[in-house]
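J.: Sequence:
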Amino acid sequence: MEELVIRDADVVDGSGADAYRADVVVDGGRITSIVKEAAAAGCQRPKARRELDAEGLVLSPGFVDMHAHSDLALLRDPDHTAKAAQGVTLEVIGQDGLSYAPVDDRTLGEVRRAIAGWNGPGDDIDFDWRTVGDYLDRLDRGIAVNAAYLIPQGTVRALAVGWEDRAATPDELDRMRRLVAEGMEQGAVGMSSGLTYTPGMYAQHAELTELCRVVASYGGYYCPHHRSYGAGALQAYEEMVALTRQAGCSLHLAHATMNFGVNKGRAPELLALLDEALAAGSDISLDTYPYTPGCTTLAAVLPSWASEGGPQETLRRLADEETAERIRHDLEVTGSDGCHGVPVEWDTIEISGVGDPALADFVGRTIRESAERRREAPWVTARGLLLADRLAPTILQHVGHEENVRAIMRHRVHTGGSDGILQGAKPHPRAYGTFPHYLGHYVRELGVLSLEECVAHLTSRPAARLRLPDRGLVREGFRADLVLFDPATVAAGSTFAEPRTLPTGIPHVLVDGRFVIEDGRRTDVLAGRAVRRTPPA
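Here the sequence shown is numbered in my numbering, starting from 288 and rising by one per residue.
Think of the hints as simulated: they come from the structure by calculation, not from any bench. Note that the structure is a prediction, hence the values are computed from the model and not measured.
Listed next, with one range per pair, are the computed distances between beta-carbon atoms: (1) R464 <-> R363: 30 to 36 Å; (2) P822 <-> R465: 15 to 21 Å; (3) K551 <-> E659: 25 to 31 Å.
Heads up, the beta-carbon is just placed ideally off N, CA and C, and yes, glycines get one too.
Use the sequences and the hints to build the structure in full.
T.: Here is the structure:
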């Protein structure tokens with residue numbers, strides 16, 4: 288007898304087709320049969336060792352978080368309820384060009400310092416890997432949800448070139464090609480970049496094109512955080528489209544949006560650019576989170592020249608009075624490349640987390656608010672905090688526009704990504720709420736998407752981008768990564784005031800046919816594994 292039958296579920300199968308009533312049978316980690324309208328037809332109903340009454344619940348494929356920063360959280364926190372409780376059954380990590388493989392001893396320490404704001408310092412992690420394959424093997428020991436990995440181009444550049452702002456030599460470029468090829472052979476699904484983060488931002492168009500050619504030869508995709516989401520946003524999107532067309536590589540645009548005052552209402556221009564490229568034969572997709580504020584590190588807004596050489600050099604420059612004044616001028620007057628070419632507005636930058644608990648008073652306040660409390664200029668406050676916390680502070684950046692968010696999420700190549708940073712005392716609520724917020728707010732309350740459309744955006748579309756032939760749909764033979772939710776009550780519990788509140792209306796989540804969320808509670812099941820690249824046919 289088979290393991291589980293889910294009775295009388297309203298199946299939204301991920302294809303975009305209308306929902307239907309069915310009994311769904313699960314055994315051995317896969318969907319073994321689907322009996323539509325079993326009760327109404329009066330036919331023999333499937334039996335199993337366990338029956339789950341799904342009356343009133345929607346059964347859908349598990350959600351795929353196309354942009355996650357859980358690289359260490361999956362290892363540090365086996366519970367990982369922040370994602371499991373949302374119905375996420377697969378995360379794509381290695382984002383924004385910086386992660387922990389491939390590395391050597393030098394670059395591991397540098398990367399750990401550079402992205403401590405995203406993932407914590409990692410003092411509680413045994414970094415017993417150096418290659419992409421070894422990292423994926425580490426995930427295979429058991430994690431809460433599945434994970435796929437992007438080779439981080441900035442980490443590759445740090446390993447082959449260093450943190451200097453210069454062109455790679457031919458030998459260095461050859462080494463980067465080899466590193467990317469090795470990572471793809473070991474199971475990565477593509478390559479990411481962070482082109483407003485050092486050292487990835489120092490790579491010019493030709494260098495990135497060469498690496499994308501390697502990715503394309505393995506059937507992978509390129510996922511850039513491109514060079515500007517502000518003053519140069521459209522030009523930055525154009526560069527990525529042209530680059531990947533030249534390289535013959537699939538393109539997935541990370542957290543695609545149009546931010547800052549200069550881009551208010553300009554999403555249709557971005558979508559027209561993408562439609563033209565798609566019509567010309569480009570393979571493009573994108574992800575977004577359903578919120579207007581962004582989230583990054585405070586150090587990320589600094590001009591790129593101030594970060595050349597790595598974190599220690601950044602701190603040295605901040606400590607020097609004359610150099611710090613140059614940084615301030617770039618930030619407040621010129622508009623630094625780290626702040627997307629837009630002069631910084633300190634009242635839009637809210638501290639969401641710090642590394643040193645002694646600095647907790649800054650959390651939940653904008654830089655301007657803290658500066659006023661301290662009776663000093665905002666730059667003085669920001670500089671002092673960066674030095675005192677050794678670049679660890681994370682921020683919410685309140686620079687988005689709701690009309691842009693809604694327009695982009697309607698697009699036919701859109702997928703969902705949380706960009707969720709789980710660190711800090713007051714993280715962005717997207718880390719705990721992205722997927723139920725789509726379903727509750729944008730589907731049920733606003734009707735921006737139908738339920739069937741939205742589920743397709745969160746399931747089959749990302750599975751297609753990842754080239755996963757047996758995930759993303761409720762189909763016989765597919766993996767039983769499944770979510771059961773109540774369409775009348777599903778909602779994000781997380782808010783900007785209480786960002787770690789879990790969602791409502793998602794009672795059951797299965798990974799590989801095993802309950803990781805059961806009756807609304809996290810079980811002790813660690814059914815997740817590394818999901819490796821599927822070689823092209």
